[in-house]
Amino acid sequence: MSRIIKKLYPEVLKKTAARWVEQQGKSAKDLTEQWDPDYWRGLFEDEVNYFDQLIEEFNAQTASASGRRPAGRKRPARVS
Numbered sequence: 129m130s131r132i133i134k135k136l137y138p139e140v141l142k143k144t145a146a147r148w149v150e151q152q153g154k155s156a157k158d159l160t161e162q163w164d165p166d167y168w169r170g171l172f173e174d175e176v177n178y179f180d181q182l183i184e185e186f187n188a189q190t191a192s193a194s195g196r197r198p199a200g201r202k203r204p205a206r207v208s
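Its first residue numbered 129, the sequence shown is counted upward by one per residue in my numbering.
Rather than coming from a laboratory, the hints here were simulated on the basis of the structure. Some hints here could point you the wrong way.
[Claimed, not checked] Label pairs and their in silico Cβ distance ranges: (1) Gln152 / Ile183: 25 to 35 Å; (2) Tyr167 / Tyr137: 46 to 56 Å; (3) Glu175 / Glu150: 26 to 36 Å.
Ideal placement from N, C-alpha and C gives every residue a C-beta, glycine not left out.
Go ahead and model the full structure; you've got the sequences and the hints to work with.
Written out as structure tokens, the structure is:
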């Protein structure tokens, strides 16, 4: 069975990609560009930084409300 899948997979992928391109009104070049991680970084870099900031603020607020330090922060060294 796996030989059949391996043989048919490239053809199925081509048809699926062609269908997507047609449905989205995009070109095959647009689809190919989306395989590059830099494509997505360029689109969402600002949002990622914004959400990281929100997460850090939330963690700080919930940690202070519970009396705990936020995860990932080290305790200050004790002075003897």
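We went through each hint and held it up to the structure:
1. Gln152 / Ile183: 25 to 35 Å: Since Gln152 and Ile183 have Cβ atoms about 31 Å apart, the given range 25 to 35 Å holds.
2. Tyr167 / Tyr137: 46 to 56 Å: 24 Å, violated
3. Glu175 / Glu150: 26 to 36 Å: 29 Å, holds
Of the hints listed earlier, the one the structure fails to meet is number 2.
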